[in-house]
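Visitor: Letter by letter, the chains look like this.
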Amino acid sequence: MADGSLPVVGQPMPADGRGRLDDLAEEVVRFPGGGIALVRSDVLFHWAQKSSLWPLTFGLACCAIEMMATFAGRFDADRFGVILRPTPRQADVLVIAGTVTIKMAPRIRTLYDQMAQPKWVISMGSCANSGDHYRNVYSVVPGVDHVIPVDIYVAGCPPTPEALLEGVFALQRKIMEAGRVGA
Amino acid sequence: MSAPDLTRFGASPAPIGIAIAPGVLLEALRHVRDAHGYRYYVLATAIERETGFEIVHAVRRHDPEDTLFVRVHVGKDAPEVDSAAFVYAGAEWHEREIFDLFGVRFRGHPDPRRILMPDEYPGHPLRKDFAMDTPWGYRP
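Quick mapping for you: the protein sequence lines, in order, are chains W and C. Taking this note's numbering, the leading residue of the first sequence gets 1, the next gets one more, and so forth. Taking this note's numbering, the leading residue of the second sequence gets 1, the next gets one more, and so forth.
Because the hints were derived from the structure by calculation, they are not lab data. All clues given are correct.
EDC-like mimics (lysine to aspartate or glutamate), calculated; alpha carbons at most 16 Å apart, straight line: (1) Lys103(W) x Asp100(C); (2) Lys119(W) x Asp145(W); (3) Lys128(C) x Glu48(C); (4) Lys76(C) x Glu50(C); (5) Lys103(W) x Asp119(C); (6) Lys103(W) x Glu120(C); (7) Lys128(C) x Asp100(C); (8) Lys76(C) x Glu54(C); (9) Lys119(W) x Asp151(W).
Every beta carbon over 10 Å from chain C, so not counted as near; a handful from chain W, in silico: (10) Gly35; (11) Phe80; (12) Asp113.
Positions of the beta carbon are idealized from the N, C-alpha and C atoms, including for glycine.
The task is simple: from the sequences and hints, build the whole structure.
Guide: So, in structure tokens, the structure goes:
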């Protein structure tokens, strides 16, 4: 809010889900004239979670180049609270950026298991989504969802930084939706 | 010391291939290395033929500049050939890759493990009889 106050009930949610306080608009009950607002705690927590998604620094193939560009200055995922973490213990998003080989698959599972709850997975690019043209290669897993559960699939070969950011926004929307239904 | 003759780069003669009996492979490699100056190990590769496997060692020299392909043929059943790793140290990982993908064993190899595929992987995937629908691990 421009005047620094909390939003009032009934303000429209932005279509792209990119707002910060605006996402809370439908949930917040503001007492007229006072400095008190009410919001369900799980909604507040989900809002906090989606506003500071910290992915693990983990790249597998050429998609990782686009992912690095996404996190670097030009596309600057930091604008949306996305900051890379160098260890799975501190990360809550795992971006699978590239071809998953059967030799890497157990390592991916280990990294995923090392991340603390709550955690989400973005499958970036055709290889991680389905194996794509490596699908029937003897060394490749046909989709990372055979190894770990996936929240968001980003299409492309490789996806552009804009596409990966759109995937991040989709994940943010998903987290907020989970807050709305109290899941 | 005179400047190197840059005109010679890219003008190498066509590579020569020689077929060697498996029993004298190491002797032949030592000979071309010591007596003919093929001191640089380029690669080893393998080809599956109808009657067996052909192992090809590519070695190179720079004066005069050319590449020599030393080929050795082994049968299809339990293929095994002498390891060149103690003649050319660079051969070690190439031979591991050939073992990994073709299942050819190298006698006297210092570290005869797979190099790319997981240790427990079934079969050798570049063999022509390797079935692509091999049920393993993460296949749907």
